[in-house]
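K.L.:
One letter stands for each residue in the lines below.
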Amino acid sequence: MIFQLNAALLDACVLSVISGGETYGYALTQKLKEIFGLSESSLYPVLRRLQKNGSLSVRDRPFQGRNRRYYFLTPAGEQILTAYRGEWKQFRVKVDQVLLGGIEDEPGAIPKRTEE
Amino acid sequence: MNREQFLKELRNRLKRLPPDDVNDALEYYEEYLDEAGPEKEAETISAWGTPAQVASQILADYVVKQGNGTPTAKKGLSTAWAVALAICASPVAVPLAAAAVCVMIALVVAVAAVILSIGACAAALAAGGVVCVIAGLSVTFQSFPTMLFFVGIGLLCAGAGIALFLFTVWLGKKGFFWIAKLFSKILPRRKKLCLRREKS
Chain E
1 MIFQLNAALL DACVLSVISG GETYGYALTQ KLKEIFGLSE SSLYPVLRRL QKNGSLSVRD
61 RPFQGRNRRY YFLTPAGEQI LTAYRGEWKQ FRVKVDQVLL GGIEDEPGAI PKRTEE
Chain L
1 MNREQFLKEL RNRLKRLPPD DVNDALEYYE EYLDEAGPEK EAETISAWGT PAQVASQILA
61 DYVVKQGNGT PTAKKGLSTA WAVALAICAS PVAVPLAAAA VCVMIALVVA VAAVILSIGA
121 CAAALAAGGV VCVIAGLSVT FQSFPTMLFF VGIGLLCAGA GIALFLFTVW LGKKGFFWIA
181 KLFSKILPRR KKLCLRREKS
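In the order they appear, the protein sequences are chains E and L.
At position 63 of the first sequence the residue is numbered 63 (the numbering used here), and the sequence of numbers has no breaks.
At position 38 of the second sequence the residue is numbered 38 (the numbering used here), and the sequence of numbers has no breaks.
Hints are computed from structural coordinates only; laboratory data are not their basis.
These numbers come from a predicted model, not from an experiment.
Errors might be hidden in some of the hints.
Some chain L residues well away from chain E (every beta-carbon gap over 12 Å; in silico) [to be verified]:
1. ALA97
2. VAL111
3. ALA120
4. CYS121
5. ALA122
6. VAL131
7. VAL133
8. ILE134
9. THR140
10. PRO145
11. MET147
12. GLY172
13. PHE177
Pairs of lysine to aspartate or glutamate residues, derived as EDC-like cross-links and limited to a Cα-Cα distance of at most 16 Å, are as follows [claimed, not checked]:
14. E:LYS52 / L:ASP20
15. E:LYS31 / L:GLU35
16. L:LYS40 / E:GLU40
17. L:LYS15 / L:GLU27
18. E:LYS52 / L:ASP21
19. E:LYS52 / L:ASP24
20. E:LYS33 / L:GLU43
The C-beta atom is built at its ideal place from N, Cα and C for all residues, glycine as well.
Given the sequences, and given the hints that come with them, work out the whole structure.
P.N.:
Okay, here's the thing in structure tokens:
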């Protein structure tokens, strides 16, 4: 992939996936690995950071004689996710304008793409 | 490298962190292997890279976290310490790591020495000023102009001393922070994702 997730974007994506229902480290990694080609070990620091800043909380549930640590969003995490989504929408519009529309076009005018 | 070896070495490389944080990290990677299952264990471990790489990802995140916020001498120093740990944990040749740590220690010592000597100057100026004022006052009745002269010089010295002291405090806060920042910039960046500082 040419375009890569930076730390903020990765935080936002992790929060968003977890907001869809509490999940555990392995499942989350597999999901993001599938979509973004994320490396297997890079998620732990992200989860720890989000936990420390109060966006995520954990609960352990027994699973086949051991514990599975589930991550879920705190109310503060929900707010942060909403803010991230707002920021992303603005950012996306700007990039789309320049990259897909050309800056001299009418705002929002997206030329037909011949491919696909 | 099997599971036990990997986890043992990872623990070893993280041992400078608070014990709770080390256990939390170890639990995460252990659980991850449990989820992957015994048949995918070797594959998962090799996908992680070496324990040194995994440890430097975790340590790098500490540097970034502590680098945010208002700079204070204490925070700067602990960041410098975390950077030193990250240098040790990153998979560069050992002599190179040792050299980097030495350079950093030398820098910290040099900056500390400069700050300390400026601080001593400030204290001497202030003390000299106070003595000068007292000396001036003691000759008030012999010669009024002499008293004015010495009290004036004394106040000037004391003022300069206090100004210099404030400058020293400011320099102390900034100096170590600059070193920490410099070194976190030149750290080997295997996993850029984790090192990138958030702009918010």
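K.L.:
Each hint should be assessed against the structure and marked as holding or not.
P.N.:
Here is how each hint holds up against the structure:
1. Look at ALA97 of chain L: its CB is around 21 Å from the nearest CB on chain E, clear of 12 Å, so calling it non-interface holds up.
2. For VAL111 of chain L, the condition that its CB be more than 12 Å from all CB atoms of chain E holds, with the nearest at approximately 29 Å.
3. Remark: the non-interface label on ALA120 of chain L is consistent with the geometry, its nearest Cβ contact in chain E lying 40 Å away (cut-off 12 Å).
4. No Cβ of chain E approaches the Cβ of CYS121 of chain L within 12 Å, the least distance being about 42 Å, so the stated non-interface status holds.
5. The claim that ALA122 of chain L is not at the interface with chain E holds, since no C-beta of that chain comes within 12 Å of its own (minimum 39 Å).
6. At the 12 Å boundary, the C-beta of VAL131 of chain L stays outside the reach of chain E, the nearest C-beta of that chain being 52 Å off.
7. No beta-carbon of chain E comes within 12 Å of the beta-carbon of VAL133 of chain L; the shortest separation is about 53 Å.
8. The beta carbon of ILE134 of chain L sits about 54 Å from the closest Cβ of chain E, which is more than 12 Å, so the claim that it is off the interface holds.
9. For THR140 of chain L, the non-interface assignment is confirmed: its Cβ lies about 63 Å from the closest Cβ of chain E, beyond the 12 Å cut-off.
10. Even its closest Cβ contact with chain E, about 66 Å, leaves PRO145 of chain L beyond 12 Å, as expected for a residue assigned away from the interface.
11. Non-interface call for MET147 of chain L relative to chain E: holds, since the shortest CB-CB distance, roughly 62 Å, exceeds 12 Å.
12. Chain E leaves GLY172 of chain L outside its interface by the beta-carbon criterion, the shortest separation being 28 Å against a cut-off of 12 Å.
13. Interface exclusion of PHE177 of chain L from chain E stands, the closest Cβ pair being 21 Å apart, more than 12 Å.
14. Distance restraint check for LYS52 of chain E and ASP20 of chain L: the Cα-Cα separation of roughly 13 Å lies within the 16 Å cut-off, and the hinted pair is therefore satisfied.
15. Distance check on the hinted pair: LYS31 of chain E and GLU35 of chain L sit about 14 Å apart at the alpha-carbon level, within 16 Å; holds.
16. Annotation: proposed proximity of LYS40 of chain L to GLU40 of chain E holds, straight-line Cα distance about 13 Å (limit 16 Å).
17. In summary, the hint linking LYS15 of chain L to GLU27 of chain L is supported, as the alpha carbons are separated by about 14 Å, within the 16 Å threshold.
18. In summary, the hint linking LYS52 of chain E to ASP21 of chain L is supported, as the alpha carbons are separated by about 11 Å, within the 16 Å threshold.
19. As the CA atoms of LYS52 of chain E and ASP24 of chain L are separated by approximately 12 Å, the hinted pair is consistent with the 16 Å bound.
20. Our distance criterion of 16 Å between C-alpha atoms is met by LYS33 of chain E and GLU43 of chain L, whose separation comes to about 15 Å.
This entry satisfies every hint, going by the numbered hints stated previously.
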